[in-house]
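**Q** Protein chains in written order, with our numbering: chain C, 1 to 434; chain Y, 1001 to 1494.
It is worth saying that the hints were derived from the structure and are not from the lab. All C-beta atoms, glycine included, are put in the ideal place defined by N, C-alpha and C. Honestly, I wouldn't trust all of these hints.
Distance windows between CB atoms, simulated [as the list claims (entries may be wrong)]:
#, chain 1, residue 1, chain 2, residue 2, range
1, Y, N1189, C, N367, 40 to 48 Å
2, C, I92, Y, T1072, 50 to 58 Å
3, Y, H1404, C, K95, 52 to 60 Å
4, C, P181, Y, E1027, 49 to 57 Å
5, C, D374, Y, E1027, 39 to 47 Å
6, Y, Q1113, C, F373, 38 to 46 Å
7, C, N194, Y, T1072, 26 to 34 Å
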Amino acid sequence: MQLTEDQILTLAPDESSKKSGKDLSNAAKWGTKGVNEFALWGECQGSGSKPYRTQIALNNIAFKCSCPSRKFPCKHGIGLLLLYAKNGQSFIDHKAPDWVTEWLNKRSDKEENKTAKKDKLVDEAAQAKRLQARENIVEDGINELLLWIKDIVRNGILSIPEKGAQFFGGMSKRLIDAKAPGLAGMVKNLGNINFYFEGWQSLFMDQMARIYLVIAAYKNKEGISSLITEDVRTQIGFTQATEILKEQNGIVDSWLVLGKQTTEEDGLVTERNWLYGTQTDKYALVLQFIVRGQGAGFSITPGMTLNAELVFYESIQPLRALIKKEIQGGENQLVKPFQNWEQVAEAETILNRSLPFRSERPFIIKNITPVQFDNSWWLADENHNLVQLKSKYKYLYTILSLSGGEPMNMAVLGKENRYEPLGVWNNSHYMMVS
Amino acid sequence: MNFWNNVVQTAMLGTNKKDIVQQDLPEELLVAVKIINDNAVIDAEEKFIQTAALAFNYRQCGVRPNPQAGATLSLAPAEEKLYCNTEALQALKDILFEDSVGLLKIWLQLCLQKNQIITPALIPALMDKSVQQKHLKTLVQECVGKRGAWLSQFNSEWDFAPETNMEDLWQTGTPAERKNTLQQLRNSNSQKAKEWLKETWPVENANSKNDLLSAISINISADDIEWLESLLNEKSQKVKDSVLQLLKQIPTSTIVKQYEEVLRRSVSLRKEKGLLGLSSKTIIHSDITTPVDESIFKSGIEKLTNRKEFNDDEYIIYQLMQSVAPQFWEKQFLLSPGEIIQMFQKDEIKKKFIPAMIGAVVQFKDTGWADAFMKNSHVFYLDIIPLLPVEQQEYYSNKFFTGHEENIIRYALERDEEWSTELAKNIFKHTAKNYYTYNRAFYNRYIHLIPVQIVGLLEKCTPQEEHLRESWSNISEYIIKLITLKIETIKAFQ
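Isolated chain C, as found in the complex (with noise of 0.2 Å):
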């Protein structure tokens, strides 16, 4: 797999990560080098006597360094992929040095014992109480949290934006108290709505409209499908078991990887990982989540093709997904996109009628170009229809740059006519923009 620099510094963990990792893309820096088919390695000087050993496996960019760095992958990692990037001759070695198979054969290992390891012997009552129990505090949150809506739907939102970041906190934290933390979240993002915004009352609404749509679906699902109550759920804070969704069969394809969003609350990265599959013409989600000095599952990086079996969450609209099992393939880059924005507006009300609360997705769209109407930003399709370019899209420009007035096949994300782009097609060549 031959990865792009743009796109091997997208692994880098922070800023001065690239610029390290950068420092180490020198040849110099590097005394025995290789690769193999499996996997890339290298010996690197640092400050003690012996060399750091970094090897990195490249059926899923896994990473593995001696050196004693919190960060992940470290610098060296980044500087060995760097490295043969811009270099791959250098790489004479084929013959794996033993530190380097014994990593990949423990890391087989590992993953053969993970789909054989026996389930522990469980205690089917006692886990049925516990579930009631969780139910029933979440059940109580819940009721909590409608009065607590009542109450503000009562007294008018007129009188919102005084109320302070405490009165939605302290709502939030009954919910996490309630193990809800989805719901949390909600009422989170309620209280982060910029009330200095003309147009905050809508948005507003909006936000009260879907918490609403969750909690009577739940205190009524009895009465809807399996899947919804299980979309639900999830946005409630119940989670689906990994091992278990692990088991299912998943989706075999060449997942083109659109776009990648990171965020970082109290020491936690969440990572958005957008998938395409080039075969099946599915999207996806893949989260991860890193905590600050330990290392990540796996590292995948926008414009690359992930060849993967990946397991869909339940839901009556799939899109979060699971990596089962990476598996050997080639590069695909053929999609077949939306014509137009008619298209996926169909698309978007299909979406929304069954599931009402759900957040944005990408589409890959044919022949966009960017214009200035009503003196903002807008994406126009072939048919002059338009829709509004989110606001302050960091990336404007280089979109702009990239068209020259010419229409590009686009991946974008986003939703109800408002969205923001991940990346373009140039020259029949997928690349993130930023």
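With the hints as your guide, set chain Y onto chain C.
**A** Below, chain Y alone, put in the same frame as chain C:
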């Protein structure tokens, strides 16, 4: 959409004060809303929020794109130049990542030399750089091609102003923009720049007059005398002083001619009989015999000395010598520069006037006299270095480095040409000991002057002091990184 607005308005006041208005209710929702309203189990608040949720989803399900046939974007014109290759683009990305202005300048110059342009993806980053580094703006504009010019219409911060727009900037820009524009124009078309300033002069205030006059020092010549001398009647003393300073830079200006006149009368060569009258020698005679026009003292010449080695008359002569072009002495004495210099040097009393002549050489940028001084003088005059040819600058900088480190470095930094390895080594030996002053930012900024061959000599520049070695080692690594980038850049354009 109207129904949603009703929902929001009701929400603003609260169900205590307002009921939701049923008008504008979409027909498709009538049945559902009736079911909600007829539900006796839930209270008014919950009825409202259920109706709001219904309206919310109805709205978001019904969203359609906005048809606007008239909303189009102009096409960027086709490029005439070729894009630079992938190695050059990668080098540019590395340079931008490293935030090295020195390397960026090299890259842009090479790109321009090759008559190439960058690919569209990198244009915004480069244009942003040109805002931060205004001195690179012209180079950037050349290297972003037609796409960059087209793109700049969407971002006024990039200030992509070809000469036709310079006039707009001159007429309507901020004081800093106007000064910058005038300076740029003075570099390319000094006469036009003067005309622009003459035109707006009557409406400029004293501060802006003073500020803008500094631009006239660029490419100042005899053509500027007439207008500048007409400004000596300005009301503002500050402006008059600035005008005078400018006139003093022009050898044929009235004030300089006045100075020359005093010197013509006061400094001459005389033959003096030697011991026993058997020989004679030529000596320099200086004496102010006729009264000096008082207007000269109003032009900045001090009447009374403040230096113990000069009496009042001598000090007047000294100041006047600083302010006339050195070529004056060739006409005055009918001797070559070298002969004049030697004569002053041999004269035990008159040699104290040599620094004044040095001042004049620097003031009037006389490269001929600078060369003559270096060849004929026993003393090393540092200030002349920038006027010498590069090879001589190198030679004298290296020869006299010890004891004059800071000044020699200062002049070396003003050069456009890369240093020799020897000079770089001397400089680094000094900077290695002063890492607070000469930090990474210093090497980053001046990388265009640092020769690539210095990489092999960095270790020889290691300070002897133990406590300085680690910082030099770190800085050396950084220098190597910059030089590697420099090499990659040069190679990419070969």
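**Q** Of all the hints numbered above, which does this structure not satisfy? Sort the numbers upward.
**A** 4, 5
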